[in-house]
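**Q** Each chain, letter by letter, is given below.
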Amino acid sequence: MSDPKDQTIDITVDFSGGLEILFSNEKHHELSVPAQDAEGKPANVGFLINYLCKTLMTDPRADLFVLGGELRPGILCLINDSDWELEEEDAYVLQPGDNILFISTLHGG
Amino acid sequence: MSDPKDQTIDITVDFSGGLEILFSNEKHHELSVPAQDAEGKPANVGFLINYLCKTLMTDPRADLFVLGGELRPGILCLINDSDWELEEEDAYVLQPGDNILFISTLHGG
Amino acid sequence: QRDTSRPLTEEELDRYSRQMIVPGMGKEAQLRLLNAKVLIIGAGGLGCPAAQYIAGAGIGTIGVVDGDVVERSNLHRQVGHSTSRIGQPKVLSLITHLKELNPLPTYIAHTEHITPLNAADLISGYDLILDCTDNPATRYLISDICVLLCKPLVSAASVQTSGQIIVLNCPPTPQGLLEGGPYPPCYRCCFKKPPPANAQLSCGEAGILGPVVGLMGVAQAGEAIKILASNLHIPPAEGEERRPVEPTLLLYSYSLTSLMGPFTFRALKMAPRKKSCFACGEGSQERLTLEGVKRGEPNYEFFCGLGAGPKQGVL
Amino acid sequence: QRDTSRPLTEEELDRYSRQMIVPGMGKEAQLRLLNAKVLIIGAGGLGCPAAQYIAGAGIGTIGVVDGDVVERSNLHRQVGHSTSRIGQPKVLSLITHLKELNPLPTYIAHTEHITPLNAADLISGYDLILDCTDNPATRYLISDICVLLCKPLVSAASVQTSGQIIVLNCPPTPQGLLEGGPYPPCYRCCFKKPPPANAQLSCGEAGILGPVVGLMGVAQAGEAIKILASNLHIPPAEGEERRPVEPTLLLYSYSLTSLMGPFTFRALKMAPRKKSCFACGEGSQERLTLEGVKRGEPNYEFFCGLGAGPKQGVL
Ligand SMILES: [Zn+2]
Ligand SMILES: [Zn+2]
Chain Z
13 MSDPKDQTID ITVDFSGGLE ILFSNEKHHE LSVPAQDAEG KPANVGFLIN YLCKTLMTDP
73 RADLFVLGGE LRPGILCLIN DSDWELEEED AYVLQPGDNI LFISTLHGG
Chain W
13 MSDPKDQTID ITVDFSGGLE ILFSNEKHHE LSVPAQDAEG KPANVGFLIN YLCKTLMTDP
73 RADLFVLGGE LRPGILCLIN DSDWELEEED AYVLQPGDNI LFISTLHGG
Chain D
8 QRDTSRPLTE EELDRYSRQM IVPGMGKEAQ LRLLNAKVLI IGAGGLGCPA AQYIAGAGIG
68 TIGVVDGDVV ERSNLHRQVG HSTSRIGQPK VLSLITHLKE LNPLPTYIAH TEHITPLNAA
128 DLISGYDLIL DCTDNPATRY LISDICVLLC KPLVSAASVQ TSGQIIVLNC PPTPQGLLEG
188 GPYPPCYRCC FKKPPPANAQ LSCGEAGILG PVVGLMGVAQ AGEAIKILAS NLHIPPAEGE
248 ERRPVEPTLL LYSYSLTSLM GPFTFRALKM APRKKSCFAC GEGSQERLTL EGVKRGEPNY
308 EFFCGLGAGP KQGVL
Chain A
8 QRDTSRPLTE EELDRYSRQM IVPGMGKEAQ LRLLNAKVLI IGAGGLGCPA AQYIAGAGIG
68 TIGVVDGDVV ERSNLHRQVG HSTSRIGQPK VLSLITHLKE LNPLPTYIAH TEHITPLNAA
128 DLISGYDLIL DCTDNPATRY LISDICVLLC KPLVSAASVQ TSGQIIVLNC PPTPQGLLEG
188 GPYPPCYRCC FKKPPPANAQ LSCGEAGILG PVVGLMGVAQ AGEAIKILAS NLHIPPAEGE
248 ERRPVEPTLL LYSYSLTSLM GPFTFRALKM APRKKSCFAC GEGSQERLTL EGVKRGEPNY
308 EFFCGLGAGP KQGVL
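Protein chains in written order, with the working numbering: chain Z, 13 to 121; chain W, 13 to 121; chain D, 8 to 322; chain A, 8 to 322.
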């Protein structure tokens, strides 16, 4: 068996409402992310957000995605199309095949 | 083990575009259907269509759903949101969890 | 005034027959529409198409709120105005168009922007509110007043190639009530905090495609008409079986480089009324009142951080 | 005539700036729209909202085809007409409205129904066709001519509380070509046979809700604008990477008794061009020709079984 530290989980991550600009202007990403964080705990959505900042973000303006260590106000996180508040927010542990969607709240009209 | 003739498969069947009128005006149905046809072959979509006529249809006008032994012209069958012509049409063998959607072609405007 | 059993006039039958014969409509539902009062806040890219279908359906009283005048740069998407009415107040321009479409409804022009001072007076006279505005401060204000006055709210927004729509506070539930829920969310339940000012982009600054905002506006009219026709805004009677509360945010992602596909529309499941919500949650009656709003509490401009730095080109 | 590099006029910049600044648009895409010619067939519940946004976006030449006159019972959903224009040809009424919205495009009125005799002449002068008609015979005719003349087709339909939209034949592919595919489908690839006449229901007989057909019409304008702005209707050059063909039928299921939810919009994956298709498949060049259509082959009225018995109240 491989070292648990090298194991990965396959998930999809989507950006919408303009956030895709921060991630090479791609709305849909198929990713293999580490199954554990640095401390050996199962990877959760909080871990994923930091991981995306470090590995997937192509725009230097990280504060448009994460602010004060948290998801920037005005961004919703949806876990398999449900508001993450219906799950355990950033403590939700990633499962293979999960879809994580980040959308920016719109105000124009 | 139970007799294979008594085994069932859980699927969902949806009707749209007006066809729901023939099925108690319900668009969404969760069904347990026989896993085999009378000859002991695995249940396919062709079997399902006849089964729906016999067990689910509440309107006497069966010819608005089946005509000459086939799905009435102007009705599309979608297997898991794909045109059944991308699968094997009525020969497609039902799998647990499948969604079968029947829609009527619209022409108004 | 709200006569629910009168016969329809010949002209009403003629105008509304095509919708009255749709299964689930009928005379009773049409009379509900004829007796209903709808307030459309914003006469722009959302409000114009929404108003066309609200008026066409025969909603009896239609109020329109907007303080702007028509500009030439509006006309690619604000299809209720016209070149000859450039410079006119948007509300009057739109009502001119609506009267031509359907002269039967009563149209009420509110040629001013909605503010904490006038919001309750504007909203109190109507049965259902459409938020067709263009900035976060106004969106939080409208939702708060709808919670306080028990009005259902159909809220949509759109910028560039994206759109969002959600029905809020429907059926309206007394402020602070959580027992016996889940109850429908308000705008703050879904969108707790606005983005920082540098991440708020308007259609004027960031651009907008006409059909994107247009589709959201038409969808708003669709939700409003069903709510009023089917009485979905009337809280269920004691013992009546309650429809499950399944708040849905519809996301519209238009792509300029690919045809409509599986991700064009996404229905997102939102949480119901939240215990922690400032406006409708536990103890909210102490935090949010009609008098407070008029006095400037909460301070919507401050909350939404207007003027807090340069914009950075991301929504 | 098709100047792809001229500067925009001050009025054009003013009118189109809000869509030009959307990422992915810009001056080049706007010039493509200004040089494009779009034919809207049907000036009813689909054609009216579609035309508003097609005109607003600055499509250079806009043709409208319809042989009907405006009736009062149209106005709840046909928002490009007006009470004062009841009795006028729909095409002239709609163009009056569009000119008020945007006087810059060239509008061409075709105040007649499309028929096998005039279809090729009507369609040949345009770059992209919107099928906004209301009966199956016309829908098969329009698709066949679009196959024969290599025109992309944005087709939508709506009755009661349901709507459908699909982009067909885009990019257009020579009739009968299958090698090197998959290629985009035509209307017959998707809908091989019409329903029997007793199962075909029109908006006039079965009813229609305004926002349902309106939403489909706006969506048609959205697809048309992206196709023309991004040149999606131009077949890829030799060696150019081809977008995968993923034909999608979007289904809109409006419910009068429940709010928008997960099943309101469904994107259905359709098959690409079919070898067996009468119009575009193998050997189709022998079966379907421009001369044949003019001579009455195929017979669209017979194929769609008009007048073949009483209607039964199901779509
Ligand atoms: Zn709330
Ligand atoms: Zn074909």
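Just so you know, these hints were derived from the structure itself, not from any lab. For every residue, glycine included, the Cβ atom is placed at its ideal position computed from N, Cα and C. Take the hints with a grain of salt, since some may be wrong.
Just a few of them, taken from the derived set where beta-carbon distance is under 10 Å, the chain W residues facing chain A [to be verified]:
#1 22
#2 26
#3 40
#4 75
#5 76
#6 84
#7 87
#8 88
#9 97
#10 107
#11 115
#12 117
#13 120
**Q** A separate judgement is required for each hint: does it hold in the structure or not?
**A** Now the hints, each set against the structure:
Hint status for residue 22 of chain W: violated, given a least beta-carbon distance of 19 Å to chain A, over 10 Å. Satisfaction of the interface hint for residue 26 of chain W is found here, the shortest Cβ-Cβ separation to chain A being roughly 7 Å, below the 10 Å cut-off. Taking 10 Å as the C-beta contact cut-off toward chain A, the hint placing residue 40 of chain W at the interface holds, the least distance being around 7 Å. The interface hint given for residue 75 of chain W is met, as the beta carbon of that residue sits about 8 Å from the closest beta carbon of chain A, less than 10 Å.
Annotation: interface hint on residue 76 of chain W holds; nearest CB of chain A at approximately 5 Å, less than 10 Å. The interface hint given for residue 84 of chain W is met, as the beta carbon of that residue sits about 7 Å from the closest beta carbon of chain A, less than 10 Å. About 7 Å separates the beta-carbon of residue 87 of chain W from the nearest beta-carbon of chain A, less than 10 Å, and the hint is met. Nearest Cβ of chain A to the Cβ of residue 88 of chain W: about 8 Å, under the 10 Å cut. The hint holds.
Hint on residue 97 of chain W holds. Least Cβ distance to chain A is approximately 5 Å, under the 10 Å limit. About 17 Å separates the beta-carbon of residue 107 of chain W from the nearest beta-carbon of chain A, more than 10 Å, and the hint is not met. The beta carbon of residue 115 of chain W is positioned within 10 Å of a beta carbon in chain A (closest approach about 6 Å), and the interface hint is therefore held. With 10 Å as the threshold, the beta carbon of residue 117 of chain W comes within range of chain A, its nearest partner Cβ sitting at about 5 Å, so the hint holds.
About 4 Å separates the beta-carbon of residue 120 of chain W from the nearest beta-carbon of chain A, less than 10 Å, and the hint is met.
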